[in-house]
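Asks: The residues making up each chain are set out below.
4 protein chains.
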Amino acid sequence: MADRAPLGRRLLAEFLGTGLLVAVVIGSGIAAQRLSPDDTGLQLLQNSITTVLGLGVLIVVLGPVSGAHFNPVVSGVDWLLGRRAGTGLSGRDTASYCGAQILGGVGGAVLANLMFALPPVSISSTARNSPNLWLGEVVATAGLIVTIWALARTGRVGLVAAGVASWIGAAYWFTSSTSFANPAVTVARMFSDTFAGISPSSVPGFVVAQILGAGVGALLVIALYPDAPRIADDVVVAHPAPVRQETT
Amino acid sequence: MADRAPLGRRLLAEFLGTGLLVAVVIGSGIAAQRLSPDDTGLQLLQNSITTVLGLGVLIVVLGPVSGAHFNPVVSGVDWLLGRRAGTGLSGRDTASYCGAQILGGVGGAVLANLMFALPPVSISSTARNSPNLWLGEVVATAGLIVTIWALARTGRVGLVAAGVASWIGAAYWFTSSTSFANPAVTVARMFSDTFAGISPSSVPGFVVAQILGAGVGALLVIALYPDAPRIADDVVVAHPAPVRQETT
Amino acid sequence: MADRAPLGRRLLAEFLGTGLLVAVVIGSGIAAQRLSPDDTGLQLLQNSITTVLGLGVLIVVLGPVSGAHFNPVVSGVDWLLGRRAGTGLSGRDTASYCGAQILGGVGGAVLANLMFALPPVSISSTARNSPNLWLGEVVATAGLIVTIWALARTGRVGLVAAGVASWIGAAYWFTSSTSFANPAVTVARMFSDTFAGISPSSVPGFVVAQILGAGVGALLVIALYPDAPRIADDVVVAHPAPVRQETT
Amino acid sequence: MADRAPLGRRLLAEFLGTGLLVAVVIGSGIAAQRLSPDDTGLQLLQNSITTVLGLGVLIVVLGPVSGAHFNPVVSGVDWLLGRRAGTGLSGRDTASYCGAQILGGVGGAVLANLMFALPPVSISSTARNSPNLWLGEVVATAGLIVTIWALARTGRVGLVAAGVASWIGAAYWFTSSTSFANPAVTVARMFSDTFAGISPSSVPGFVVAQILGAGVGALLVIALYPDAPRIADDVVVAHPAPVRQETT
Numbered sequence: 006m007a008d009r010a011p012l013g014r015r016l017l018a019e020f021l022g023t024g025l026l027v028a029v030v031i032g033s034g035i036a037a038q039r040l041s042p043d044d045t046g047l048q049l050l051q052n053s054i055t056t057v058l059g060l061g062v063l064i065v066v067l068g069p070v071s072g073a074h075f076n077p078v079v080s081g082v083d084w085l086l087g088r089r090a091g092t093g094l095s096g097r098d099t100a101s102y103c104g105a106q107i108l109g110g111v112g113g114a115v116l117a118n119l120m121f122a123l124p125p126v127s128i129s130s131t132a133r134n135s136p137n138l139w140l141g142e143v144v145a146t147a148g149l150i151v152t153i154w155a156l157a158r159t160g161r162v163g164l165v166a167a168g169v170a171s172w173i174g175a176a177y178w179f180t181s182s183t184s185f186a187n188p189a190v191t192v193a194r195m196f197s198d199t200f201a202g203i204s205p206s207s208v209p210g211f212v213v214a215q216i217l218g219a220g221v222g223a224l225l226v227i228a229l230y231p232d233a234p235r236i237a238d239d240v241v242v243a244h245p246a247p248v249r250q251e252t253t
Numbered sequence: 006m007a008d009r010a011p012l013g014r015r016l017l018a019e020f021l022g023t024g025l026l027v028a029v030v031i032g033s034g035i036a037a038q039r040l041s042p043d044d045t046g047l048q049l050l051q052n053s054i055t056t057v058l059g060l061g062v063l064i065v066v067l068g069p070v071s072g073a074h075f076n077p078v079v080s081g082v083d084w085l086l087g088r089r090a091g092t093g094l095s096g097r098d099t100a101s102y103c104g105a106q107i108l109g110g111v112g113g114a115v116l117a118n119l120m121f122a123l124p125p126v127s128i129s130s131t132a133r134n135s136p137n138l139w140l141g142e143v144v145a146t147a148g149l150i151v152t153i154w155a156l157a158r159t160g161r162v163g164l165v166a167a168g169v170a171s172w173i174g175a176a177y178w179f180t181s182s183t184s185f186a187n188p189a190v191t192v193a194r195m196f197s198d199t200f201a202g203i204s205p206s207s208v209p210g211f212v213v214a215q216i217l218g219a220g221v222g223a224l225l226v227i228a229l230y231p232d233a234p235r236i237a238d239d240v241v242v243a244h245p246a247p248v249r250q251e252t253t
Numbered sequence: 006m007a008d009r010a011p012l013g014r015r016l017l018a019e020f021l022g023t024g025l026l027v028a029v030v031i032g033s034g035i036a037a038q039r040l041s042p043d044d045t046g047l048q049l050l051q052n053s054i055t056t057v058l059g060l061g062v063l064i065v066v067l068g069p070v071s072g073a074h075f076n077p078v079v080s081g082v083d084w085l086l087g088r089r090a091g092t093g094l095s096g097r098d099t100a101s102y103c104g105a106q107i108l109g110g111v112g113g114a115v116l117a118n119l120m121f122a123l124p125p126v127s128i129s130s131t132a133r134n135s136p137n138l139w140l141g142e143v144v145a146t147a148g149l150i151v152t153i154w155a156l157a158r159t160g161r162v163g164l165v166a167a168g169v170a171s172w173i174g175a176a177y178w179f180t181s182s183t184s185f186a187n188p189a190v191t192v193a194r195m196f197s198d199t200f201a202g203i204s205p206s207s208v209p210g211f212v213v214a215q216i217l218g219a220g221v222g223a224l225l226v227i228a229l230y231p232d233a234p235r236i237a238d239d240v241v242v243a244h245p246a247p248v249r250q251e252t253t
Numbered sequence: 006m007a008d009r010a011p012l013g014r015r016l017l018a019e020f021l022g023t024g025l026l027v028a029v030v031i032g033s034g035i036a037a038q039r040l041s042p043d044d045t046g047l048q049l050l051q052n053s054i055t056t057v058l059g060l061g062v063l064i065v066v067l068g069p070v071s072g073a074h075f076n077p078v079v080s081g082v083d084w085l086l087g088r089r090a091g092t093g094l095s096g097r098d099t100a101s102y103c104g105a106q107i108l109g110g111v112g113g114a115v116l117a118n119l120m121f122a123l124p125p126v127s128i129s130s131t132a133r134n135s136p137n138l139w140l141g142e143v144v145a146t147a148g149l150i151v152t153i154w155a156l157a158r159t160g161r162v163g164l165v166a167a168g169v170a171s172w173i174g175a176a177y178w179f180t181s182s183t184s185f186a187n188p189a190v191t192v193a194r195m196f197s198d199t200f201a202g203i204s205p206s207s208v209p210g211f212v213v214a215q216i217l218g219a220g221v222g223a224l225l226v227i228a229l230y231p232d233a234p235r236i237a238d239d240v241v242v243a244h245p246a247p248v249r250q251e252t253t
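Just so you know, the protein sequences line up as chains A, B, C and D, in that order. Per our numbering, the very first residue in the first sequence carries number 6; after that it's consecutive. Per our numbering, the very first residue in the second sequence carries number 6; after that it's consecutive. Per our numbering, the very first residue in the third sequence carries number 6; after that it's consecutive. Per our numbering, the very first residue in the fourth sequence carries number 6; after that it's consecutive.
The shape of chain A in the complex, shown without the other chains:
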């Protein structure tokens, strides 16, 4: 625990990481729409490949500082699963993480809009409202949680970046919802009326499905990996340990 970075630095990492993740998702969506106007599938391919690369590198770069959650449900599950062993985020830190993530996400939407010479904010009109999309969000979020904790609980934190990026990249396509899987990113995507946007009225349904999916994921973690070592859960918060290991 003494190894953790100061809270301010961790919140900076969560702010930056979530912001850049949203900029990656929205920005590449705008570019795709402009450059390949004739084929929505090609746009999603460009959007999803960019997200795989961008999300992976953000986790690798910021993981040692804050754990690279970039996602309120990840922070929430970290708090939940870490409570018994006393290794997870505290309730207070969890709330701070969520705040930094949401602020960062909105900042990232504004940044993407500005980079493409659009008004800083425009409210999305893309409705994403139907039970089958919510089912997609449940599956995408549950898989995300299982991926992170399966790797943490088996001591393979170095694979989290590749694992999470791959899961999200696949879920872009095989869930019908294109895998938002993240309440902070969902909120932020309201603020750009472009390819990756979501209308405000569709947000609550998505967020509820994501929270449900996180619950399903946490139950699967407990079923599949019941014997979590103390240290494994800890590294989800921030993983200086493997880093040090590699420098020796």
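In short, the hints are calculated from the structure, not lab data. Values in this document were obtained by computation on a predicted structure and should not be read as measured data. Just so you know, not all the hints are guaranteed correct.
Where chain A lies over chain C, by a calculated footprint (3+ residues, C-beta under 8 angstroms) [what the hints assert, rightly or not]: (1) 92-106; (2) 148-157; (3) 219-230.
Pulled a few chain C residues facing chain D out of the computed Cβ check, cut under 8 angstroms [as the list claims (entries may be wrong)]: (4) L17; (5) G32; (6) Q51; (7) L58; (8) A117.
For glycine and all other residues, C-beta sits at the position ideal for the given N, C-alpha and C.
Following the hints, complete the assembly by docking chains B, C and D onto the known chain A.
Replies: Below, chains B, C and D alone, put in the same frame as chain A:
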């Protein structure tokens, strides 16, 4: 052997893994067909990239629990090649694995259909019936078996996820059959009349070709890597060892 | 420090690496334009995937010789951040690196033109001149610097190739400027009037934005990773250490 | 040296590996042409991504047996650079390797044709005859040689598969010749009059350029990595060492 997870937990992992693999294959096929209606090759590109990412992460996540077979011929070869050294699955466990894989696969087809607002089950009408496709299945399955055991028998279990995902991704394209290479997945793909489907009458030919390919693959393993250490074959079933190694 | 290769060999590596990087960017742009004339987005996808693969392998191959900067702002930040600890490039070496990079880059543009049977040099007429593109360059370059030093300062130099290639690949799409992020490459791209070109009048704006972005990146490195070990900064220059480690 | 597999087993690996490599290249080219008839660039994208995945996994799987050359110029440079230290292939083994590679390659072309229900052999009519394409082959082959020996001479044999696959994937696009870079594969590609074919009259020019490129590559290896440890060159032939290392 004492390291293996209880059978129930391993069967849960095989059920979930095969189910999600089928959901990945069928779901991304549906999305590709809807979003890129004008170019079948672009659809297959989207479908194959999604499968590479999804299959890789499922093996990484569930490998330490059950060995991440997701495939009756992999379980069968594990039983076959492990018999002499007493390291493989027992005959009874092999049968249980196959059952979990087929049930999971069908569940995954239903899940994919539901996520895309289709009826839970529709029987595929896509005929895949000709000797050249069967030859493709033989090649795809033989290569899959060689990939897994070459890595296991040289102590590089950590590369199985990337190796298997890469092989299947390549075989989607270079075999004419788009590389089903898996009887459980083949059976499951009957239950969705979409891009990745296969008509019931085409299933027996594919399954026979896959079993033949597995045999060819096992012979090549014996020819190329005759000196299999006991431990190497064991890790194909479930690989807690490298995990523990990484946590030290 | 005694481990460093002689300056001449390091300059050869920077010359070759920057040259081949430019050949990769320009050459794949020409091929993309010729082979997929109907969809600019598909061209950028081909161009960006090629750059991810080519940049990654060049860093892996030449990193142990020169540090694989291929980029004046990377060399500059190495000099700047390494001054205090005495680990970075000297001012003189930094200047030599920049010279080799610019010469190499121009050579790479000529090579690309010749491989595609074009005149050895043609001055680009593609204007890339607007504040939103400059913002894109600031973001792309800042992220590049943070990626390199975050990995170096946490002892994960072996991930720099994948990290940098992934970042640039993502930034091709999510920044509006397609992520030049490199003054030597920017200068070189003047010399090919093809897909990846930039008109001479647009170069100064891009270079200023890149220098600004490098400054922002250096500040973020100091904020996120203030406790840089001596050894970590050193390996940005050339990393024989991890190599030796792997051979033991 | 005592660690090497018997020559017969190594030749089997070279035969299989080169054959499957050619099947990957030709087979995916046929599939691409059939499925995406309207865009040659999309066909090359499908062809090149398949080759990256297939080549990478073949090197990983067969490397520990034979060194996974699959390429006469790689075997030739191994003989040449290893002579002084007595670590490379013997002249006789080099000749056997080349024979197995050419036979395997032709077999792979026949296999690809049969999988796609084409006549087993058809002579390609695709002319690839011009100095700018030959320049592309020189660059592609030189880079291939540098990639392999840079990694071998710095003790990073575990990165050869990813490095070689990435280089070839990039060179598909940025060299004008689509990077054959391999005399055995070039000869084999005469035997399929499809996307990846080459007319017999174009073969000599390509092979000469590849031999020239290999020479350039060998000189660059000596310039960039003059201090080759004995062990490093050895592992290019067959690398049991890193394997054993990983099992401990």
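Asks: Sort out which numbered hints this structure fails and list those numbers smallest first.
Replies: 1
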